[in-house]
Amino acid sequence: MARLGILFFNGPYQAQASETVIKLAEAALDKGHEVRIFCYMDAVNALLENQKQIEGIFNIEEGFREILNKGATIRLCNLCLLVRGTMKNCLKKECGDVKRAGTPDLAKIIEETDRLVVIC
Amino acid sequence: MARLGILFFNGPYQAQASETVIKLAEAALDKGHEVRIFCYMDAVNALLENQKQIEGIFNIEEGFREILNKGATIRLCNLCLLVRGTMKNCLKKECGDVKRAGTPDLAKIIEETDRLVVIC
Amino acid sequence: MTEEKNIVILLRQPPHGTLYPVEGLRMSVAVSADFDPITIAINDGVYAFLKNVDKTMYSMHIDFLKDIDLDIFIDEKSLIERALTKNDLIEQVEVKEHAEILKIIENSTVTIPF
Amino acid sequence: MTEEKNIVILLRQPPHGTLYPVEGLRMSVAVSADFDPITIAINDGVYAFLKNVDKTMYSMHIDFLKDIDLDIFIDEKSLIERALTKNDLIEQVEVKEHAEILKIIENSTVTIPF
Amino acid sequence: MKVGKKVLYFITSEDITGVELAIEHSDEDEVTILLLQNAVYFANKSNKAVSQVLNQNKTVAACKEHIDTRGLSNFISDKIKLVASVDVVDLIFENDTIINM
Amino acid sequence: MKVGKKVLYFITSEDITGVELAIEHSDEDEVTILLLQNAVYFANKSNKAVSQVLNQNKTVAACKEHIDTRGLSNFISDKIKLVASVDVVDLIFENDTIINM
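Residue numbers (this note's numbering), protein chains in the order written: chain A, 1 to 120; chain B, 121 to 240; chain C, 241 to 354; chain D, 355 to 468; chain E, 469 to 569; chain F, 570 to 670.
Watch out, some of these pointers could steer you wrong.
Unchecked claim - If the Cβ cut is set under 8 Å, some of the chain E residues that face chain B in the computed set are: (1) T480; (2) S553; (3) V557; (4) I560.
Keep in mind that the hints were calculated from the coordinates and are not lab data. It should be emphasised that the depicted structure is a prediction, and the values quoted were computed from it without experimental measurement. For every residue, glycine included, the Cβ atom is placed at its ideal position computed from N, Cα and C.
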């Protein structure tokens, strides 16, 4: 039982980062670890609702719903959402422990986890 | 009087592309040229509504509103919007000639413009 | 409309990790309705055509382009730099010397990089 | 909570064209509430600290870090590769030999690259 | 093949390949390389590919605003032509062919 | 300074700098380089930096799924340790320090 922090920067689909984050988080959760994720810059858009399921494409929204369901904690950079106009379209509390946060929350994640990995 | 086609791939803020597109389009429109823009991949998110004005940051939404106002034509890759879950949050017809389109519309832009530039 | 345009779709990024090559091939397919685009892979773009790479997202685009007799060319120099050979690649592509690749790009009207 | 952690914020991308260095410096400021992060510029990241670069988006972060006595180190090797010298940079940063930069990174608990 | 057409390498990405292709571009054409966005860093005097192009009969231009924002004007060769943002449009239409990179 | 700590270079970007830093990393530590995403292309036998690390007393690992998806298994050195996606987690916790790149 250890605590894993994950930070990433990229939005969904264009880059592999969000898929890697989901798979790594899932593996950690399945092994009984705690997972805390911080979405910075474009990464906040990985948590948008209504990402359409398209055959052959790994659905990022579903992936995040699943790891939230398994207990992952997800924090979204507030300012990053604001500037991108995507504040109102993120996954809601009903999906799990996902909420908007400031950069100091990343400091908290670094402090309270045993390892922090960054997925570029 | 010539016709300029512009294609780009990147979303707003993370990369400079959308700002470059706006400035190039504006310069072309001011010189009396016609401008047709195709937003592919993450670039579709450059046209989202409610991008908050933050001091020191060039507001991409405002920039696109301005060039639409000056007569630019903007086409947004339909599938790219769908998969990202941002279909319903784009600038509306009232802002100018902006609409969803398929990739064949880029072929049309290539055919009907004198030069095509790609902003990476 | 205007004079005939030569379109080159240039794939320069690796096939996974980003959506670029997939979207580039989708673009080749799309413009093939109005033009005869030439698809060229250089640099890490050549990795998209390895025999064993997962092509789920783009094999239909390759098949489509071949069905309508459009060319997919691979830059030999990029292959050599990566210690790859023609035999490592799928049959639907054609390896060309760097000088020939350059000539095709030089003669294009529009080059679209992915 | 746990033992003291050494945080290194690594700026490796140029200051304009992407938001990475701006966001990296913002992160240095943010974690400075709980840690003493060291900010290091390598590769094109060193361009962020040229005297004449437009720092509108991040000069307040540099000032903040200096006000609370946190270090911003510049990799000398990266400078030399770009034909730049110490004199081309603002005063708030300190140029360090590559070996020293390596040592700091080696001794970090967490390195966050931007 | 038309001889003597005007070709513009329109380079907006941090990928030196566009400059390398331009180096090998046939002398029969009139070649201009335009550097924009982070590609303007290639204009740094220490860049070998751009130095090589400057020694050929080719023009290297860079977007002035993008150079200025980055504070690079003291670090680039005098041979590089600075083009104001608004004049990039003219350069695009003056050339017959655009090679985007 | 603790001697002999275990350090993981966790490389997920297409930037070879992480590998280059690892080459120069002190011998006192036990160094592992883990390549993920497009960084797995560095595992190609023709890559000089990775070959150099393999000749040092350091471990180079790559995410198996990311190698397989890219069809690279025939093109990488036998000395590279393939790590299943689910086991990446264990590697992270086995090391004392993570250098993300």
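Can the hint on S553(E) be confirmed by a CB-to-CB distance to chain B that is less than 8 Å? holds (6 Å)
Taking the closest Cβ pair, is V557(E) under 8 Å from chain B? At about 5 Å, which falls below the 8 Å cut-off, the nearest Cβ of chain B leaves the hint on V557(E) intact, so it holds.
Evaluation of the interface hint that places I560(E) against chain B, nearest CB under 8 Å: holds (5 Å)
Minimum Cβ distance from T480(E) to chain B below 8 Å? Holds. Min distance 5 Å.
The structure is consistent with each of the numbered hints, conforming to all of them.
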